[in-house]
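Line order of the protein sequences matches chains A and B.
Just so it is clear: in the first sequence, position 21 is 21 by this note's numbering, and no numbers are missing.
Just so it is clear: in the second sequence, position 151 is 151 by this note's numbering, and no numbers are missing.
No lab work stands behind these hints: they were computed from the structure.
Where is the CB? At the ideal position from N, CA and C, for every residue including glycine.
One or more hints might be untrue.
Dumping the calculated DSS-like pairs for lysine-lysine here, alpha-carbon to alpha-carbon at most 30 Å [as the list claims (entries may be wrong)]: (1) B:K118 - A:K36; (2) B:K125 - A:K70; (3) B:K125 - A:K51; (4) B:K118 - A:K72; (5) A:K23 - B:K95; (6) B:K82 - A:K36.
Distance ranges between label pairs, derived from CB positions [claimed, not checked]: (7) B:A136 - A:T25: 22 to 30 Å; (8) B:A96 - A:V90: 18 to 26 Å; (9) B:L13 - A:D30: 17 to 25 Å; (10) B:Y44 - A:T25: 35 to 43 Å.
If you want the building blocks of each chain, they are given just below.
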Amino acid sequence: MKKLLTLSLILFLSACANTMSAKITMNWPDTTPDLKTACPDLGQVDTSTTKLSDALNTITSNYSQYYLCKDKVDNWLDWYNTQQKIFNSVK
Amino acid sequence: MFSWLLQEVLGNLPSWLWPATAGAGAAVYFLAHLLANFPNFKPYAFFIKPVSFAVIIFSVFMYGGAGVTEILQAQLKEQEAKIAVAQQASSDANKAVQTKIITHTKVIHDTQVVYQEKIKEVEKKIDADCKLDPKAITILNGASKNPLGAAK
């Protein structure tokens, strides 16, 4: 009886095979360099001018600046949501 | 040094070796029992029994360890394969965003050029018809300044 007990205890030594798990994790990816630059400030009209065309040039340039910046934010959201889906799929 | 020994020597041994040595240890243990019946061999049996018993224990322990290693390595390979697929998907997504940025930036710049050309076409006329009051420019510049600029 004692020997049987000893033998069963020995067999328990190998039981740890079912209780461990290996895990390596994925690093959060780096984004594209274009998304890392901050949006510039809006342009200012030369205060010495009286020409409407100068003001119009600055205003249209600022509109473009706004759309570039909006596109950057939209792309950030798109990039983040896509990368998060990919990252969560690995877990 | 000790970890290297474990990794290089014990890690490369085939897993079937451990049940084989455990079986051999058990066989020797029972043979020692038989030898103990012969008076001439009894002293040898006295030493062989604990040694073979220790070999059984060690082999079963190592067999368990080899099983754990195999399971962990299989899990690692599976995880590595998943990560490789995810990294490729991530890289593809980055390239797609990069391409989109380049395309959108070009469209926005081209549109700006079109409007600047339109301004040039009517520049003389609108400048002749309308003179801006400096107060209007001050208001425009004031509105275009970032209100959070000072708070940054």
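Going down the list of hints, with the structure as the test:
Simply put, K118 (chain B) and K36 (chain A) have alpha-carbon atoms about 33 Å apart, too far for the 30 Å limit, and the pair is violated. With a C-alpha separation of about 33 Å, the suggested pairing of K125 (chain B) with K70 (chain A) is violated against the 30 Å cut-off. A C-alpha spacing of about 11 Å is found between K125 (chain B) and K51 (chain A), which places the hinted pair at or below 30 Å, so the restraint holds. Our distance criterion of 30 Å between C-alpha atoms is met by K118 (chain B) and K72 (chain A), whose separation comes to about 27 Å.
Of the supplied pair hints, the one linking K23 (chain A) and K95 (chain B) holds, its CA atoms being roughly 28 Å apart against a limit of 30 Å. A threshold of 30 Å between alpha carbons decides the hint, and for K82 (chain B) with K36 (chain A) the separation of about 28 Å falls inside it, so the pair holds. The beta-carbon spacing between A136 (chain B) and T25 (chain A), approximately 58 Å, falls outside the hinted interval of 22 to 30 Å. With their beta carbons about 19 Å apart, A96 (chain B) and V90 (chain A) fall inside the hinted range of 18 to 26 Å.
Evaluation of the 17 to 25 Å hint for L13 (chain B) and D30 (chain A) yields a failure: the beta carbon distance comes to about 41 Å. At about 55 Å, the CB distance of Y44 (chain B) to T25 (chain A) disagrees with the hint of 35 to 43 Å.
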